[in-house]
Amino acid sequence: MSEWLAMGNTNGLKLPESFRGQVEDILEGRTEPVAAKHAATVVVLRDHDEHGLQAFMLRRVRSMAFAPGAYVFPGGSVDPRDGEAALAWSGPSPAEWGKAFGADETLARELVCAAVRETFEETLVLLAGPTGETVVDDTRGDDWEADRQALLDRSQSFGGFLDRRGLVLRSDLLRPWAHWITPKIERKRYDTRFFVAAMPAGQRARDVSTEADQVAWVSPAEAAERAARGEWMMLPPTIATLAELAEFATVADVLAARREIVVHEPVAEIIDGDAYLVLPEGVARHYPQG
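Residue numbers for the sequence shown follow my numbering, so the first one is 11 and each next one is one higher.
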């Protein structure tokens, strides 16, 4: 993410002058865009007695190479071992997820596993259980933290972690929500599928990620408003997702929503001599203009 986030225009997001040459190089084929890595992110939701529908968000530390200081949902890149076929699985099959996200079966399996793994790594929320009808009710304790660390340093695969604990991945607790690809002008790019999921009963989302310095449960509408006021920095996909979720009253409503997944990839263009990042049609309205 770059400083363009702070700048708005009705034609798109105006980029600093320093980006003009970079945009022209991409448009004219002098620079080859960086390949986008497959990634998954999960909007963990809960119903609050007083504040209604809430989403769990993290603020990325400012030392991060990608999206420093931005409020995001838990998530990250696919680990090649996420595609291990031997892990116990309950719910929609990888083939069904592939249809939802326009991916082959192997990639779909990797994306779902990455979504569950990354959510556990960053929040200790685990969408898995002893059986295909149950879910772990508490992930607090030194033994769970040891497992989280082993996943982080890749000394343990996600499939190995589930197998050792006798757990089944609950893909039925997730729903497909969106698909965004980082603009070609960025030096770090991600091809990200967005999921939504309900906070499992008994579990607690915790501030455990070394990539975040602050976390919050917040209503989607409030989070979007904070971004519009410039209080919280966010990437366009995050704001668009929050604006969409703000239309729902409860977690059940979100999970029941029928979604047609459309690929969104903002495009950099030169407009009237200035460099802009043009958002997909229908998405720009969710982004604060200034």
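In short, the hints are calculated from the structure, not lab data. Here a beta-carbon is modelled for each residue, glycine too, at the ideal position from N, C-alpha and C. Any given hint could turn out to be false.
As the list claims (entries may be wrong) - The calculated DMTMM-like cross-link candidates involving lysine to aspartate or glutamate, where the alpha carbons are at most 25 Å apart (straight line), are: (1) Lys198 <-> Glu275; (2) Lys198 <-> Asp59; (3) Lys24 <-> Glu235; (4) Lys109 <-> Asp89; (5) Lys24 <-> Glu241; (6) Lys198 <-> Asp263; (7) Lys109 <-> Glu241; (8) Lys47 <-> Asp147; (9) Lys198 <-> Asp173; (10) Lys194 <-> Glu38; (11) Lys24 <-> Glu34; (12) Lys24 <-> Glu279; (13) Lys198 <-> Asp114; (14) Lys198 <-> Asp89; (15) Lys198 <-> Glu232; (16) Lys24 <-> Asp35; (17) Lys24 <-> Glu42.
Unchecked claim - Across the chosen pairs, the derived CB separations fall in these ranges: (18) Glu42 <-> Trp227: 35 to 45 Å; (19) Gly283 <-> Ala156: 25 to 35 Å; (20) Gly101 <-> Arg30: 19 to 29 Å.
Checked hints:
1. Lys198 <-> Glu275: holds (14 Å)
2. Lys198 <-> Asp59: Violated, at roughly 40 Å.
3. Lys24 <-> Glu235: holds (20 Å)
4. Lys109 <-> Asp89: holds (21 Å)
5. Lys24 <-> Glu241: Holds, at about 19 Å.
6. Lys198 <-> Asp263: Status violated; Cα separation ~34 Å.
7. Lys109 <-> Glu241: violated (38 Å)
8. Lys47 <-> Asp147: Violated: Lys47 and Asp147 sit about 32 Å apart, past 25 Å.
9. Lys198 <-> Asp173: violated (33 Å)
10. Lys194 <-> Glu38: OK: Lys194 and Glu38 at ~13 Å, within 25 Å.
11. Lys24 <-> Glu34: With a Cα-Cα distance of about 14 Å, the restraint between Lys24 and Glu34 holds, given a limit of 25 Å.
12. Lys24 <-> Glu279: holds (10 Å)
13. Lys198 <-> Asp114: Answer holds: Lys198 to Asp114 is near 24 Å, not above 25 Å.
14. Lys198 <-> Asp89: Cα-Cα ~17 Å, so holds.
15. Lys198 <-> Glu232: The hint is violated at about 29 Å.
16. Lys24 <-> Asp35: holds (17 Å)
17. Lys24 <-> Glu42: Within the cut-off at roughly 22 Å; holds.
18. Glu42 <-> Trp227: 35 to 45 Å: With a Cβ separation near 41 Å, Glu42 and Trp227 satisfy 35 to 45 Å, so the hint holds.
19. Gly283 <-> Ala156: 25 to 35 Å: Since the Cβ atoms of Gly283 and Ala156 sit about 57 Å apart, the hinted range of 25 to 35 Å is violated.
20. Gly101 <-> Arg30: 19 to 29 Å: Distance hint for Gly101, Arg30 is violated at roughly 47 Å.
Of the numbered hints listed earlier, those contradicted by the structure are 2, 6, 7, 8, 9, 15, 19 and 20.
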